[in-house]
Each structure stands twice: as C-alpha cells, then as structure tokens.
Amino acid sequence: MKRRFVYFVIVAAIVTSVLSDRTLAQVTSDRLLRASEEPQNWITYSGGYAGLRHSQLTQITPANVKNLELKWILPNQVFGAWQSSPIVVDGMMYITQRPNDVLAVDAKTGRVFWQYRYVVSPDARVCCGANNRGVAILGDVLYMGTLDGHLVAIDRTSGRSLWDVPVGDPKLGYSITMAPLIVKDKVLVGSGGGEYGIRGFIAAFDAKTGKELWRFYTIPGPGEKGHDTWSDDSWKSGGASVWVTPSYDPALNLTYWGVGNPGPDFNPDQRPGDNLYSDSVVALDPDTGALKWHFQFSPHDPYDYDSVQVGVLADLNWKGTPTKAILWGNRNGFFYVLDRTNGKFLSAMPFVKVNWASGIDEKGRPIPTPQPAGQPTWPGVQGGTNWYSPSYSPRTGLFYLSAWDGYASVFKPETSQYVPGRNFLGGGAIPFAETAGAPGVRVGRATPINNWTDAAGNGAVIAIDPLTGQKKWTFKQFDVTDSGNLTTATDLLFTGGREGYFYALDARTGAELWKASLGGQIANGPMTYAVDGKQYVAVISGNSLITFALRD
Amino acid sequence: MPFRALLLASVGLALLAAPASAQLLTVDHPGQYTQEDIGRGGLFYNANCFQCHGRDGDQISGIDLRRGLFRRSQSDEDLAQTITRGTPGGMPAFKLDPAELTAIVAFIRAGFDTSASVKVGDAAKGRAIFQGNGECMMCHRVAGKGPRSAPDLSDIGIARAPAVLERAIREPTAALLPINRPVRIVMRDGKTVRGRRLNEDTHTVQLIDEKERLVSVVKKDVRSMDVAKESAMPAYAGKLTDSEIADLVAYLMTLRRQ
Chain A
7 MKRRFVYFVI
17 VAAIVTSVLS
27 DRTLAQVTSD
37 RLLRASEEPQ
47 NWITYSGGYA
57 GLRHSQLTQI
67 TPANVKNLEL
77 KWILPNQVFG
87 AWQSSPIVVD
97 GMMYITQRPN
107 DVLAVDAKTG
117 RVFWQYRYVV
127 SPDARVCCGA
137 NNRGVAILGD
147 VLYMGTLDGH
157 LVAIDRTSGR
167 SLWDVPVGDP
177 KLGYSITMAP
187 LIVKDKVLVG
197 SGGGEYGIRG
207 FIAAFDAKTG
217 KELWRFYTIP
227 GPGEKGHDTW
237 SDDSWKSGGA
247 SVWVTPSYDP
257 ALNLTYWGVG
267 NPGPDFNPDQ
277 RPGDNLYSDS
287 VVALDPDTGA
297 LKWHFQFSPH
307 DPYDYDSVQV
317 GVLADLNWKG
327 TPTKAILWGN
337 RNGFFYVLDR
347 TNGKFLSAMP
357 FVKVNWASGI
367 DEKGRPIPTP
377 QPAGQPTWPG
387 VQGGTNWYSP
397 SYSPRTGLFY
407 LSAWDGYASV
417 FKPETSQYVP
427 GRNFLGGGAI
437 PFAETAGAPG
447 VRVGRATPIN
457 NWTDAAGNGA
467 VIAIDPLTGQ
477 KKWTFKQFDV
487 TDSGNLTTAT
497 DLLFTGGREG
507 YFYALDARTG
517 AELWKASLGG
527 QIANGPMTYA
537 VDGKQYVAVI
547 SGNSLITFAL
557 RD
Chain B
72 MPFRALLLAS
82 VGLALLAAPA
92 SAQLLTVDHP
102 GQYTQEDIGR
112 GGLFYNANCF
122 QCHGRDGDQI
132 SGIDLRRGLF
142 RRSQSDEDLA
152 QTITRGTPGG
162 MPAFKLDPAE
172 LTAIVAFIRA
182 GFDTSASVKV
192 GDAAKGRAIF
202 QGNGECMMCH
212 RVAGKGPRSA
222 PDLSDIGIAR
232 APAVLERAIR
242 EPTAALLPIN
252 RPVRIVMRDG
262 KTVRGRRLNE
272 DTHTVQLIDE
282 KERLVSVVKK
292 DVRSMDVAKE
302 SAMPAYAGKL
312 TDSEIADLVA
322 YLMTLRRQ
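Going line by line, the protein sequences match chains A and B.
Residues 7 to 558 in the working numbering are what the first sequence spells out, letter by letter.
Residues 72 to 329 in the working numbering are what the second sequence spells out, letter by letter.
Among the hints, a few may not be true.
Which chain B residues stay away from chain A? Per the calculated CB distances, all over 10 Å, these [claimed, not checked]:
(1) Ser144
(2) Asp193
(3) Ser220
(4) Ile279
Lysine-lysine pairs mimicking DSS-like chemistry, simulated, CA-CA at most 30 Å apart [as the list claims (entries may be wrong)]:
(5) A:Lys77 <-> B:Lys166
(6) B:Lys291 <-> A:Lys521
(7) B:Lys291 <-> A:Lys482
Calculated directly from the structure, the hints in this document are not laboratory data.
Predicted model, so just to flag it, every value in this text is computed and none were measured.
Using N, Cα and C, we set each Cβ at its ideal position, and we do this for glycine too.
Please take these sequences and the hints and turn them into a complete structure.
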C-alpha cells in the first residue's frame, strides 16, 4: 500500500514536470526588469540588471550550509578554463561550453535536453582561449555571441538556430565572448579583440530579426568628442574591447559598459594621449547608443588594466545624501565609487598592493608613478582583480571581489607594427617572482601542481565597505583566484579559486562555514536557483558544472 | 571501429601530404640551429605564440613546446606545417615566410634558450664528476639509480636549459623554486615531518619526506611549519672548476629519458 502510494507520487511528479515543461512562460522584458521578484530563477548573467550577483533565496543558511551535498555534475568534454555563467528559467538551465555550444539542462538532475553546436570559422582569433561567458534570454529565444564575431539566436525548445548575423570581422580579430544583454526588444553586445588592434564597439540588434539598430565605437572617430585623445592613426587599431556583460539601470535608462585596454597593450608611446574610452566605463542609452557620460579609470594605460568588470549598481547614503552609485573594483587595483547618474567621481581606495600610481586625485585621475625599466609593477598584468564577477549585498552593505594581492609583473614595452589579424601587443609582461627564474603567477594554471607560491602573490576575497573604501574582512587563499562571487539574503557568500575549493563564507565576517574540494579551477561566477521548492547552488570547477543542495 | 579506420586514414593522408611542404624551412639539416635564428625565433614567439602557448610553452594541455612534447609534430617539417596550417578547431594558421618559420622552429627546438654565454663541456667527463667527486648521486637519482630525496634528474636535459643548470650547480639557493623549498613541519601531536615541498594550497601541503614517502598534511593538524630559504644542496661555485662545471652541464644535457 505504502509502496503503491510512493509510485503514484513519482508518476504524478513526472507528469507535472512534463506539463510544466510544456507550459514554460515566456521571458518577457518585464520579467527581466523584475528578476528579483522570481528568485527561483537566474535569468540574466549577473542575476539581475543591477549586477549584484545576489539572490533573495533563503533556504540555505549559515546554520544549515554544512548540510549541502552534491546533487549532480555536468561534465564538459572540452578542455580549458570554463568561464561560462549559467542562467536558469523555470527549472531549465542554459549553459555554454567551448567553443560555442549551448546546452539545455534539467536544472534538477543535470540531464541534457539538447545541445546546440555552432561551428566556429577557422578565421577566428582569440587571445586567451575559446571562452564564452553565457547566453541571454528574451521570449523563447536564447542569444549567444561567437568567437568568430557573430550573434546567433536559438530557439529555446528545439535548440535550433533562428538567425545568425555577422557583427565583426574575425580575420581582424573581432570576437564575442560576453553573454549578451537584453534591454526591452534589443540584444546588446560588445566586441573582444583588444590584443589584435581592433577598434572596439558596442552594438544593438533587433531581437526578432537580428537587424543592427545602432553601433557605438569605444574609440571616437574623426570629428567626434574624445578623438583628440589619440594621435595620428593610432585610434584605428586602439583596441578598447568589450567582453563582460554590463549592468543596466531601467529608471535612468542607462547601460554601464566596462571597456578594455588600449592597443598596443604595453607600449603607450605608440598612442600618445588619454586613449578614450579605453579602460573606462561608458554610460549608454540602450535605445539609441548615445553616450551619456564616461569615466576613465586608467588613462594612457601601459599595463593592460582592462576595465571589463561588472559595475555594480547600489543606492547609498553618501555622506548624508541618498546617491545612486556605481561600485567598481578595477583591474588597476583601486575600488571606485561613482555617481551613476552623471559619472561624477566620489572616491577611490586601493584594495591590493599598488605602485603604478601613488593615489587618485580629487577628479578621479590617477597620479602615475611609473617604475624603472626591469622593476616590478604592482598589480601585475592580470590586475588586482579582473573580469571575475563581484557581488554586492544590500543587506550587509558590503562589496565583495576576488583579488590578486602582492602580485606584480615586469613590463617590457617594445614597438609593434600593426598587421591586420595579428597580435598587437607592443611588448610583454614578465611574471615577477621573488627568486630570479622562479615561476611568477601566470595567466592560468596548466597542471595540478601549483609551482608558484605566496612568494609571487596570493588570492583573496575582500569585503569592502563602499562608504569608506575600507576593507571589512579578507579571506586569503594560497593560490590566486579567478572565481566570481555570489551572496544570498541569508548572508552567505559563495566563492572558489584556482585550487578547486568551493566555499561558503559568512558574508558579514568572512568566516569559512563550509567548503567542498572540487579539484578543478573555478573560473566562473557561482549562481543559485530553486526548483520544486529546493534551492540549488551551481558552480563550475575544471571541466565540470557541479550543483549542491541541502541533504534530502 | 569505423571511427578508428577513419582516423587512421586521415593520419595516412596527413603523412602523404607532408613531402609537399618540404620547402617550408630555409634549412634542410634539422637539429642545427644558429644562435641568430634562435634569438629571432624568440621574438616571433613572443609576438605570435605566447598568448596561447604561454611563456614556458606549456599552457595548452598535452603540449610542452620547450620540452619537445607535441600532439602531432615529430620533425621540424611537421612543426612548420602545424604552424602554417593550424589545427582543426584549435590553432589558427600563421602566414610566415620561410626565414620566420625557421627561426620559430629553432627557438622551440633549442628549448627556448636564447643565451649564448653558457659553456657546455665534455659529457663523458661530466658523468664521471656526477658519479664521483661531485657526489651528486648521494642525493639525486638518474634512470632508477640513487635516492629520491633530491629531485630526480633523469629528464633534466629536456626540462632545463643549460644556463639554468649552470646556475643551479653554482648557486643552488638562487635557483631553488620556492615551491621546492625544504620544509619542517611539527604536527599538533608532536610528530615532525621534514622534506621537500611539492605542492601547497590553503588547506594542505604535499611533500616528499626524508624517507622518500609522499606525505599530504592537513594544515589544521599542523602546529608549526618552517620553510627554509636555503637549498639543501651545497654550492659548487669554487668547489668545482669552471671547466668541471661545464662538463657537468654537458652531462646533464644528455639526460633525456623518453
């Protein structure tokens, strides 16, 4: 009798899940605006337009987090850092894998419904691996940028492509690695290729047809404001790529885009001037692509300090005045607070060891202190942080980011000739180590052996109080970390690192509450969702997407 | 099975295609590279290859250019062909002229070593020093003989360039990788572990102890850990003559177990 009852429940559950699959509600632009009202879903790259990577789910708490157990693993057969961030809509997960595959996965079991494979043209050139950071959704359509500079629309039920439009020429180094941003009825993407002498841009496409609606060049052309920050023809190959999903303020109707390094990366003498809008945030009207304001973090940059971080939108009580702020943990080692209505500089404080600048002046401009040739510059070429998603919790009022501390490079500028489609670096950066010849921290970890040590730098999650710029706590790791960060409404912070540990920390104190040794490098942003009343946390470690939930 | 047959067929095609590209390089005597080519190859490498393959040539899984570990290539022509044609779904094709190609191949084959200043002596004499008055075999192991407490040198000839070997002999402490520093760990229960560190992370340390055992230690069980900055190896600068050191370098370069 009891057994028969269990049977009935299982059959009923299967029927319900089949039914719910058939009745998937469309993801309207209105749902995207109010994403925080459906915390069981994670429907944009950062879990909401404000870029917080913060969830309202409350089932997993500091008290029970120790009871998390492995629920499922989705292995990826493609090697290389897996930087993708999944989205989850009504029990269905969409995740990209190298080079440009999309998988539709049952978020409860990890089983795959379909796999879309985009065949990348052999013309594609990418500096740093076949990375893709995820898809966007609108209606019943998924959108993905490709390594060969296309934008594709994919039917979310069949996994077949609906349209495919060229956005940038891959032979010249244009590629798209960011998850697109949907605003209203438009799909917005930017182009990577900052190591190939591209001229960066952001463009909007009609979500229905793929027709291009506007294009904003991140390097102003002749006659445009800011063009005089480049000399001669240097603007034509000046880089300023875009490869991380921006945040969006619907009330102000502004999108906030982090822009990458100027090119050639390491030889600023080839491009005298401030090189706008490289290493800047640009605030664009998503309807027209018009520039409302900009703020440049690292003018005339010789260190490859891309500003491709997610700008986090927070409403602060700034010195007694309610202020719509944007918080920015920059690759150049400084944490910034700006007024997001007009780009006005409010404050900046270093969060790691810095010697490329002695400080930031009252207008927000760095006071440069270039190091003598052959001497180390802190932070090194990978920065004090990088594209790794930060998190902001409105509950704790703290901003959390993954940092590389005490990490330096020796920069060697050289003259580079621009050759279309070739690397345009202007020299290089040598990892700095305390012992000559010993390995300094490198771009990635190639083996399970960590052959650099704390002598070359260390990783950390740092909690910063944006009102003071001061560190509230630091969670140190031995190796550096490329992990994004996730906070929840129960004051948990989930993070990882290159060592393959996945942590739950107390977001208020930084105390370690739980960890799992997953083995592979964590190079994406952890996210959380719920299906059938159960909260899951998903993270990618090495070649595996791994989900946890409380013990049944 | 059909898949395997197809694979063999495509390998066969690749082999057939190889002679057609015999003019890719400017030299036809593989293994002989000029210092000038090696140096120029280094510049090309930094401009074109370094972004994916990394400074040490080992950033792509299964490939270690500096140590001669490739997925496809055996000969210099193979290397040149891979560079000019690219690989399916992987490396892009690079359009380089024969002189540039020759230089890149030379740089890869020379183990990325562009230094011309290191003296390499007589390998047979070096072997005698290694096994005799140099007392190297008191600690090092080669081809299955000798203790394991110091690094096994059986393939050091591919792993290290001559300049690095010479420095390691003269001033071992200056050449010691921080990860390989000697450690002394006192556990909470009073037990002491000494050895050479192999790997370390936030919560654990892996080492080889004095009894040649691989030991993994959980840091929360550790009372204290001391990491010595001095190498356990004596410095040979002054102990051996310059020509004896050159002989030793020559011998070590012959250690290429494969």
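Here is how each hint holds up against the structure:
no.: 1; hint: Ser144; result: 19 Å, holds
no.: 2; hint: Asp193; result: 26 Å, holds
no.: 3; hint: Ser220; result: 19 Å, holds
no.: 4; hint: Ile279; result: 13 Å, holds
no.: 5; hint: A:Lys77 <-> B:Lys166; result: 49 Å, violated
no.: 6; hint: B:Lys291 <-> A:Lys521; result: 14 Å, holds
no.: 7; hint: B:Lys291 <-> A:Lys482; result: 15 Å, holds
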